[in-house]
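The lines below spell out each chain.
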Amino acid sequence: ILNVEQSPQSLHVQEGDSTNFTCSFPSSNFYALHWYRWETAKSPEALFVMTLNGDEKKKGRISATLNTKEGYSYLYIKGSQPEDSATYLCASPNNDMRFGAGTRLTVKP
Amino acid sequence: NAGVTQTPKFRILKIGQSMTLQCTQDMNHNYMYWYRQDPGMGLKLIYYSVGAGITDKGEVPNGYNVSRSTTEDFPLRLELAAPSQTSVYFCASTQTRRAETQYFGPGTRLLVL
Numbered sequence: 001i002l003n004v005e006q007s008p009q010s011l012h013v014q015e016g017d018s019t020n021f022t023c024s025f026p027s028s029n030f031y032a033l034h035w036y037r038w039e040t041a042k043s044p045e046a047l048f049v050m051t052l053n054g055d056e057k058k059k060g061r062i063s064a065t066l067n068t069k070e071g072y073s074y075l076y077i078k079g080s081q082p083e084d085s086a087t088y089l090c091a092s093p094n095n096d097m098r099f100g101a102g103t104r105l106t107v108k109p
Numbered sequence: 001n002a003g004v005t006q007t008p009k010f011r012i013l014k015i016g017q018s019m020t021l022q023c024t025q026d027m028n029h030n031y032m033y034w035y036r037q038d039p040g041m042g043l044k045l046i047y048y049s050v051g052a053g054i055t056d057k058g059e060v061p062n063g064y065n066v067s068r069s070t071t072e073d074f075p076l077r078l079e080l081a082a083p084s085q086t087s088v089y090f091c092a093s094t095q096t097r098r099a100e101t102q103y104f105g106p107g108t109r110l111l112v113l
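Which chain is which? The protein sequence lines are F and H, in order. For the first sequence, counting from 1, position 65 maps to 65 in our numbering; every step adds exactly one. For the second sequence, counting from 1, position 26 maps to 26 in our numbering; every step adds exactly one.
In case anyone wonders, no lab produced these hints; they're calculated from the structure. Remember, it's a predicted structure, so these values are computed and weren't measured experimentally. It is possible that part of the hints are untrue.
[Said to hold, decoys possible] No more than 30 Å apart at the CA atoms, straight line, and that leaves these computed lysine-lysine pairs for DSSO-like: (1) F:K78 - H:K9; (2) H:K57 - F:K69; (3) H:K9 - F:K57; (4) H:K44 - F:K58; (5) F:K42 - H:K57.
[Unchecked claim] Calculated Cβ distances over 10 Å to all of chain F for the following chain H residues: (6) M27; (7) H29; (8) M41; (9) T101.
[As the list claims (entries may be wrong)] Quick look at which bits of chain H chain F covers, simulated, 3 or more residues with Cβ under 8 Å: (10) 7 to 14; (11) 56 to 62; (12) 102 to 111.
The beta-carbon is built from N, C-alpha and C at its ideal position, and this holds for glycine as well.
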């Protein structure tokens with residue numbers, strides 16, 4: 001993988017559902033993996049920065065895991081709420097900073 | 001702390017006009033970045049700087065120029081605006097290059113007609 005890729009592109013879930021999405025990144029010369037939450041008409045806000053293989057981070061109902069050997073990270077949201085609706089971006093810094101295209105999550109009440 | 005500030009918030013340019021997008025941070029961060037938001041493509045890095053006096057091209061630098069004369073300021077210059085530069089531009093800063101989160105400004109919406 002040469003670029004940072006995210007899947008799915010968009011996701012619609014019902015309130016209360018748990019969901020997860022994927023970020024794939026180049027595993028060679030790995031330094032860190034960033035997750036950001038980006039609400040419409042606002043700026044991206046940091047969720048996690050992960051650096052170690054096997055790392056797992058949690059913030060409230062949101063958690064993320066990291067596999068640097070195979071080059072992927074999962075973001076999980078437990079019991080989705082309408083306020084979780086946003087685009088979730090991952091990014092991998094190497095010589096510069098490369099962002100994925102994002103996963104747009106819509107949580108219906 | 002104001003964090004990262006950007007001006008203007010919104011601007012309409014005619015094709016061929018030039019303008020400077022301003023970005024200032026008050027966190028004494030060494031690293032600063034300019035991104036553009038392309039629909040369905042997330043954020044694309046235009047230019048970045050690792051400190052005053054040092055700048056480097058990102059993924060999509062054509063049509064833009066930057067300078068970094070101080071730690072606080074990182075202006076982005078469009079010399080000959082083109083419709084393809086219609087976008088939302090975000091400035092960001094961080095203390096270290098890779099393992100710390102980036103702090104983003106509120107964005108500048110640019111429309112080139």
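Hints, verified against the model:
1. Between F:K78 and H:K9 the CA atoms are separated by roughly 35 Å; this puts the pair beyond 30 Å, and the hint is violated.
2. Restraint check for H:K57 and F:K69: satisfied, since their Cα atoms lie roughly 29 Å apart, inside the 30 Å limit.
3. A distance of roughly 34 Å separates the Cα atoms of H:K9 and F:K57; the hinted pair therefore is violated under the 30 Å criterion.
4. Under the criterion of a C-alpha separation no larger than 30 Å, the hint pairing H:K44 with F:K58 is consistent with the structure, at around 27 Å.
5. At roughly 25 Å between alpha-carbon atoms, F:K42 and H:K57 fall within 30 Å of each other, so this suggested pair holds.
6. H:M27, annotated as away from the interface, keeps every beta carbon of chain F farther than 10 Å; the closest lies near 13 Å.
7. Every Cβ of chain F is farther than 10 Å from the Cβ of H:H29; the closest lies at roughly 14 Å, confirming the non-interface assignment.
8. Against chain F, the non-interface label of H:M41 is violated: not every CB pair exceeds 10 Å, the least being about 5 Å.
9. At roughly 4 Å, the least C-beta separation between H:T101 and chain F is not larger than 10 Å, which violates its mark as non-interface.
10. Counting residues of the segment 7 to 14 of chain H whose beta-carbon sits less than 8 Å from any beta-carbon of chain F gives 0, not enough to reach three: the coverage restraint is violated.
11. Note: the segment 56 to 62 of chain H has 3 residues with beta-carbon separation from chain F under 8 Å; the three-residue rule is met and the coverage holds.
12. Evaluation of the coverage hint for the segment 102 to 111 of chain H: fulfilled, as 6 residues show C-beta separations to chain F shorter than 8 Å, against a requirement of three.
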